[in-house]
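Below, each chain spelled out in residue letters.
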Amino acid sequence: MTRFSPSLIIRHFILMIGAAVVLAPFVVMLSYSLKSPAEIERGTGGLFGAQEMMVDPKCALRNAPRRGDIETARTRFPDRDDSTIQTLLTEEANAACEVRPVVFNYRSAFQDAPLLRYLLNGVIVTASIFLLQVLIALPAAYALSKLKFWGREAVFGLVLFCLLIPVHAIALPLYLGLAKIGLTNTYAALVVPWIVSAFGIFLMRQFFMTVPDDLVDAARMDGMTEFAIVWRVMLPTAVPALLAFAIFSVVAHWNDYFWPRIVVTGDRSLFTPPLGLREFQAGADGNLYGPMMATATVIVIPLIVAFMLAQRRFIEGITLSGMK
Amino acid sequence: MSVADLPSSAAMRRATADPDRRQASAGWLMSAPALALMLTILIAPVLLALMLSFTDYSLGNPSFNWVGWDNYERIFTRSTYTKMLSATFTYVITVVPLSVGLGLGAALLIQSLTRGAAIYKAVYFLPVMATLLAMTIVWQLMLHPSIGVINRGLEGLCAMPFTRGLLSLSFLGLSPEATWFGRVCTEGAPLWLGDRDYAIWVVCFIGIWQGFGFNMVLYLAGLTGVSRELYAAAEMDGARSYWERFRLVTWPALGPTTVFVVTITCIRAFQAFDTVEALFSPGGGPGKSVYVMMFAIYEKGVTQNLMGIGAAITVLFLIFVMILTLIQHWITERKVHYT
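For the protein sequence lines, the chains are D and B, in the order given.
Residue numbers are given in my numbering: position 123 of the first sequence equals residue 123, and the series is strictly consecutive.
Residue numbers are given in my numbering: position 301 of the second sequence equals residue 301, and the series is strictly consecutive.
One should not assume that every hint holds.
As the list claims (entries may be wrong) - Sample of chain B residues at the chain D side, in silico, Cβ under 7 Å: (1) Gly27; (2) Leu48; (3) Val302; (4) Thr325.
What the hints assert, rightly or not - Not close to chain D: a few residues of chain B, all C-beta gaps over 12 Å, as computed: (5) Arg78; (6) Thr80; (7) Ile93; (8) His144; (9) Met160; (10) Ser170; (11) Gly173; (12) Arg183; (13) Gly194; (14) Arg196; (15) Glu244; (16) Pro252; (17) Gly255; (18) Ser289.
Hints are computed from structural coordinates only; laboratory data are not their basis.
Where is the CB? At the ideal position from N, CA and C, for every residue including glycine.
Pulled out of the complex, with its shape left as it was, chain B reads as follows (with noise of 0.2 Å):
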């Protein structure tokens, strides 16, 4: 471009345009592919989501009605949406902190360690790849009430005196009613997912069982570029404490990836599926406690065929993670650049 800029290069000039537009046209060629492409497999469908959310369609049917704002205002008022918005909500709020939590205390404790730390590392990571519908299935098998090794588990814990005493804080003198063991202990280990108090924490505790390797892996990342010259000088000021460190420290370094830790965790939060479709399908748990929006699209939009409300939830899930995205945005402009 700067030769061509310069004026005693007409020639040149003339001499390039060619070659200019041999460029600009394998440009277009090249791109071309991936531009149609984006435009048919991922634009055009949000856009027929939002045209199907303000209809009654159903695959198969020769016509529709426009129903105007009936998906949308079904979601909130129905009994069923307003479940479902409450399990994704639950799902959400409790995978995204304890999830990013433990991905960050894992972080710390890795990293602080001279040995092993590569060890606990890739044992953390495992879950990350591993099919989560297998390891969902195999949760399931755990929890199984009569034949599961967890309720195994918490019947040999009770059969024996002293971890019965113990866990049940009884040697404090506590009834067997007042802790959640001596509960067990008394009354019979929990159903877990058929129960309506339990299924929904199983299902999250899964999700961040499956998940905060991979928050872990990202804040080792965002923990290498904490730069040594800054704990020195922190300590130097009187941050003696490690908790002071931290604060001081640590913790607005790793500002831009939490931000983006937990921008990614909750966009994954929002998509659970695996999970409820394995163990509760179909209906989306006892008392629909567990009826998490990709769920719904699936069960309503596809099982159901009933395209107008499952295209109302897409948008809706849309407009969440377009939601997410800008903050995620708005935040990152705003303050998270210490380092």
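In isolation and in its complexed conformation, chain D is listed as follows (with noise of 0.2 Å):
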């Protein structure tokens, strides 16, 4: 292939502007989260902003001069009326809160609502899910493919079933099932849906099949009982699979927005990341478009930094599906 024939030219140019589409909103997300809002209301400040100092409304309304601190600043200014010492007042109180639009966007991201503690009940969340589906999945895909008992071909047949179940699509009966044992608006709720992942199983089997019995014999040799051979001769040797799994898992359920949206109803305590932007968005400050791109930036960075230092798991891990 020669170096720069036109042909080139018209495939990177094809792919750059596809390239512009994709990329947009994240560097407009990226961009307004750094900017003040008069700098998005008028549409100035290029990428960055101009940085320039802005007055915090909320802080200023909150140390907005009220009658008491007139009649003790008097003695400060003794000799201006009360207008003129309200002025001032207000002057050094705005002056007191001046910050850089980056500082209050971000600032606000994580005081005005308890972003901390949804990223929190993110972690919380993913990690019971993809703990208790590696809990569930591991002995029953090491019972379907190297254990002989009466009734495995059935139980198999079950996950295959399964695995054609969209969970997502039986939202309303397991809503229902959960209300009626009281279990809506609990960790419990956000996390008991997912622990049997059909795919989770069918996946650690399709790939236990592949281990040599000789390894599960010569451990039985060893007298180790089955249970200690999951979990201390086959998990070893599942690591990378349980890698890609584990990538697949916890990216499905940090952005999942459907399922929380169902049984967590108002008790802001437990609240997923996506929940919360949801409410950032639906509530009183939803024209605070910078604290809002930095609410939103602060949740999807940490997904976008970890695929950049490891881009082929992440893809593999996502694409698992594709395995089939």
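Assemble the dimeric complex from its two separately framed chains, guided by the hints.
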């Protein structure tokens, strides 16, 4: 292939236009999270905003001079009338409330809503889901691939059938069941529907099929129980497959919005990151675009950074479902 | 097993009988949790949905009535639900071919590069991983009628005589009303999300934007499986042009990938929810034009507590998914084994 053939240039041109469209919202998100409200309103400030000092409106409101402040400030401004004192005090308060837009946006994101709590909830929920999925799938996958027992084919058949059921589709009856046993608005409700992953069982079973029987037999000779074999022999061999599954699972549940929306109503202390952002958008602060974009950035960035660091593994993990 | 089958191994069989039984009980013990959970979390809800779809149950009501096929009849006759079906199918029929096509196109272009392939691949894959809800809110801001960058950009293009003339095709002598861009310049930029004519297409666009990178990766994996020899053979048989080689070699070899990609994209498209909920809740968009099924299940079943109708939509949804999977199996078994 020649170095700079016209066809090569055209191909790069097309791909670059595509890349621009794909990246546009990410650029806007980052850029707006750096700008002041005025810059967003007027569409100025370029990519990073001018970062001129701005007055934090909330802080200014909080520190606005009250009746008593004017009384006490009279000694400082002996020969001024009240309205002048008030103006001077307001100026002082505003000066004390000056911040850089970037600081304002990110500080508001964390202070106006319990964003840290949302992030923590996201971590708790995704980690619990993944750990329970493994806890349940690994022994089952081992049994289905290495142990002979009556009914094994039937159980595997059920796994294959369950692969066809998208959990989101049966959200309504699941919600009804959880509501009946009083579990809505709990961590359990966020986690329980996902703990049995037919896909996880299937994937690990296929992986264990490739593990030689000799390994298992040798472990049995050593007097290991079947349960010990699962956790001490099979688990270490399955680390690459588990890592891919972990990425698949964590990305899906960190980003999931549908299920948390259904089972968490109102209780902010249980909000996952997407729910928190949605509340921000719907709430009274919905026109504070800077802090909103800062929140969005904080939610989106962890996965993107992880992706940049381990691209191949991520692509493998998320397209796992392509292995069926 | 082979040892135990030998006639002379009766003694051995006796010795292994105990381990066999131990293995069987361990097998049951280990698969029991998964089995029990699959039955309660996945199978039972399907049956429950089926049952509820024939009732008028509401959460909190002490009793309910059996209403026969009423809920299903409503889905196919009431305008709300026919709008739901039409929005869902419009979305699926738009998003699936375009995101599969763009995924394939991107994969072919990227695969043909010697440099920069990894960068494009990473960039196109970003939306697949980013929280869709967050990105939807960013798109909403970009599409804001007055302060959004898209309408600002359109206004900017209108303000410059050169681009205005070029994009509205007025250099061909067309009147400003004749082209979309011309109308944007004379009548003002669209409201996008507030406009019935645009709302569903914006949601489709976000769906395609988010999903085609996933398909691209699957196609790139599929392309590595196409053997070089087939291309050489095709060339010897006279397939000179790129297009000929694509038609004769690449496309057939990608058959299994395509069947899989189309099925999974369809199932994902049917499940569209985040975009609609973030942009058009409550209601489902101007004139209910974006009232897709998952959103309807949420709004009817959860928000309005009409479990019966929500369950009926759920059942319909599951039937669509089953049909898709059956079609996939049928095609896979019938014809896609070329390689």
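- Can you list which hints this structure breaks, lowest number first? Going through the list in order, the structure violates hint 8 alone and respects the others.
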